[in-house]
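Asks: Sequences listed follow chains A and B, in order. Last residue of the first sequence? That's 670 in the working numbering, and every number before it is there in order. Last residue of the second sequence? That's 207 in the working numbering, and every number before it is there in order.
For the record, the hints were derived by calculation from the structure and aren't laboratory data. Please read all numbers here as calculations on a predicted model, not as lab measurements. Be a bit skeptical, because a hint or two may be false.
Simulated restraints, written as ranges between beta carbons of each label pair [to be verified]: (1) B/49 - A/586: 42 to 48 Å; (2) A/421 - B/42: 16 to 22 Å; (3) A/582 - B/66: 28 to 34 Å; (4) B/194 - A/573: 28 to 34 Å; (5) B/66 - A/456: 36 to 42 Å; (6) A/456 - B/59: 31 to 37 Å.
So the derived list for chain A, only partly shown, Cβ under 7 Å to chain B, looks like this [claimed, not checked]: (7) 494; (8) 495; (9) 501; (10) 522; (11) 543; (12) 547.
Even for Gly, the Cβ is constructed at its ideal location relative to N, Cα and C.
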Amino acid sequence: MARDRNDEIDFSAPVRRVLIVLTALLLFAVFLLWRIDSPRVERFRTALVDTVVPSFDWALVPVTTIVDMVEGFQSYARIYEQNQQLRRELQQMKAWKEAAVQLEQQNAKLLAQNKLRLDPKLTSVSGVVLADSGSPFRQSVLLNVGRRDGVVEGWATTDGLGLVGRIAGVGETTSRVILLTDSSSRIPVTVQPSGQRGMLVGDNSAAPPLEFIEAPDEVRPGDRVVSSGDGGVFPAGLLVGQVAQGPDRRLRVILSADYTRLDYLRVLRSRPAERIEESDALVGTVHDGPQPPAPASGAETAEAPGDG
Amino acid sequence: MVDPVSANRVGYRLMFLGLAAAVFFLRILPLSTEPVAWPGPDILLCLALAWVLRRPEFVPAASIVAVFLLEDLLLMRPPGLWALLALLATEFLRDRAVVLRDIPFLVEWLMVSALMAGMLLANRLMLEIAMVPQAGLGLSLAQYLSTVAAYPLVVLVSHSVFGLRKVAPGEVDELGHRI
Chain A
363 MARDRNDEID FSAPVRRVLI VLTALLLFAV FLLWRIDSPR VERFRTALVD
413 TVVPSFDWAL VPVTTIVDMV EGFQSYARIY EQNQQLRREL QQMKAWKEAA
463 VQLEQQNAKL LAQNKLRLDP KLTSVSGVVL ADSGSPFRQS VLLNVGRRDG
513 VVEGWATTDG LGLVGRIAGV GETTSRVILL TDSSSRIPVT VQPSGQRGML
563 VGDNSAAPPL EFIEAPDEVR PGDRVVSSGD GGVFPAGLLV GQVAQGPDRR
613 LRVILSADYT RLDYLRVLRS RPAERIEESD ALVGTVHDGP QPPAPASGAE
663 TAEAPGDG
Chain B
29 MVDPVSANRV GYRLMFLGLA AAVFFLRILP LSTEPVAWPG PDILLCLALA
79 WVLRRPEFVP AASIVAVFLL EDLLLMRPPG LWALLALLAT EFLRDRAVVL
129 RDIPFLVEWL MVSALMAGML LANRLMLEIA MVPQAGLGLS LAQYLSTVAA
179 YPLVVLVSHS VFGLRKVAPG EVDELGHRI
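Let's have the full structure, built from the sequences with the hints guiding it.
Replies: Written out as C-alpha cells, the structure is:
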C-alpha cells in the first residue's frame, strides 16, 4: 500500500514541479510585459476592474452607507455639543452668505459690463464612489460613471467644494480618480492673493506639499490655493485648499475637499485645450514656458495697471 | 456518491477562495479615503501562508496564483510580481510542510516573518531593477510589521472559526494512507 503511494508521488511530483516553474515564468513574463507595454496592460486592468467591481456594487454601496450610519449614530452621544457648535457656525455662515450674495451681484454687474463670456462647456456629470484603491500605497477611488457617460481621461473631479483629483483610467461603466494625495499626482496651482504659481505634489500624506514656487516668501499660511490651468489639463480657478506650514517648514496644502467622506463626486467636463498652431507666424517668437490660458493672463494684465 | 472527506477538501478549497474575496471586498470599501499613516495588515498573505503550513492540499498552487494575480490587477499593483513571490513562498513552505508540521508556533511565526521580509525585499529589489516608482520604505515597513502582528490572529481565527488544524501524528487520509 505504502509502496504504491510512493510510486504515485514519484510519478506526479516532477510534472507538478515543471508546471510550477512554468507558472512562475508566466507570472514573471506578465510583469515584464506590463513594464514594457504598460498602456495595453493598464487597459486590460481597467476593463477587468470594470467587470469585477460593479458586480460587488449591490453590496459596496449599502455596506458603506450602513457603516457611515453606525458612525453617525455614535455621534448622537455628543449631540448637544454639536448642536451648539452648529448654531455658532450657522451664525458665522449667515454673515458670509450675506457677503457672498453682495459679491455675486457685484460680480454679475461687472461681468455684464465687460461682456465677458464664461466657458459654456463647464458642465459636469456626477457619480457615486464605488470603491477605493484598497491599498495603502495608492490613493484613488472608483466612480460609477465611465465612457458610457462620456467621461474622458484627464478631467477634473470635485466634491462640490474643492478639487479631489483627476480621471485616470476610464472603463465602460467605471472610471478611476487619482486623488491629489496619490504619490503620482502633480497639479499646477496658483496661490492667491500673491499669484505665485507652483505644483501640488501628492506624497501619500493628507496634506500634499507645494513645490516649485518662485518666491516662497510671498506665500503665507492661510492663502487660498486654486488650480492654475497651466498645461491645459484642468480648468483654471478650481478651489484646491489652503496653505499651511508644517513643522518641517515645508509649505503644504490643507485640501478643501472632505477626504474623509468621498461619496458623491462631480466630474467636470472640460473640452480639450485649443492649440494654437503656427505660433511663429502669429507671435514671431516662441515663449519657453507653457502659455497661461487666455482668461488668466487677461486678468493679470488688467490688474497690472491698477497696481502701478 | 460524494464521499465526505473529498467533499470536505473541496469545501475548504472553496472556503479559501471565498475568504480571499471577502478580504478583498472589505479592503476596497470606500470607508475612509484619507491617506493612512499606519497601513493595515495584508490579511490575504497571512491566510495563504497559514493555510499552506497547516493543510497544503486545501490551497493548491492554482488558487494562490488566481487569487494573488487578481489582487495585483485590482489593487493597481504591478501585475504578476507579487503573485510570483506569493507562489514561490507558498511552494517553499509546501515542500517543507511535513517537516514544519511539528515545530512550535513561536518558531513558525519567526519563520513566516522572515519569509515575509524576504518577499518584501525581493519585491522592492525587482521594482528597483525595473525602475518602477515605489511607495516610501517607511510605509512598506509599517505594513510589514502589522502583517507580522496579524499572523497569530489569522491562525487563531482559522483554527477556531474555520476548524483548520494541523495534521495530527498518525492521522490517515481518505484512503487510509498516513499523511
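Asks: Can you verify the interface hint for residue 501 of chain A: is its Cβ closer than 7 Å to any Cβ in chain B?
Replies: holds (6 Å)
Asks: With a cut-off of 7 Å on the beta carbons, see whether residue 543 of chain A makes it to chain B.
Replies: holds (5 Å)
Asks: Against chain B, run the beta carbon of residue 547 of chain A and see if the smallest gap drops under 7 Å.
Replies: This interface hint is violated because 11 Å lies over the 7 Å limit.
Asks: Is the hinted range of 36 to 42 Å satisfied by the C-beta distance from residue 66 of chain B to residue 456 of chain A?
Replies: holds (41 Å)
Asks: In this structure, is the beta-carbon distance linking residue 421 of chain A and residue 42 of chain B contained in 16 to 22 Å?
Replies: Hint holds: Cβ distance 19 Å, inside 16 to 22 Å.
Asks: Under 7 Å, Cβ to Cβ, is where residue 494 of chain A needs to be relative to chain B, so tell me if that hint holds or is violated.
Replies: holds (4 Å)
Asks: Holds or violated: the 42 to 48 Å window for the beta-carbon distance between residue 49 of chain B and residue 586 of chain A?
Replies: holds (45 Å)
Asks: Hint residue 522 of chain A vs chain B: min CB-CB distance below 7 Å?
Replies: violated (15 Å)
Asks: Given the range 28 to 34 Å, decide if the beta-carbon distance of residue 194 of chain B to residue 573 of chain A lies inside it.
Replies: violated (54 Å)
Asks: Answer holds if the nearest beta-carbon of chain B is closer than 7 Å to that of residue 495 of chain A; otherwise answer violated.
Replies: Holds, about 6 Å.
Asks: Could you see if the CB distance from residue 582 of chain A to residue 66 of chain B stays within 28 to 34 Å?
Replies: holds (32 Å)
Asks: Could you tell me whether the CB distance from residue 456 of chain A to residue 59 of chain B stays inside 31 to 37 Å?
Replies: Holds, at about 33 Å.
In summary, the numbered hints that this structure violates are 4, 10 and 12.
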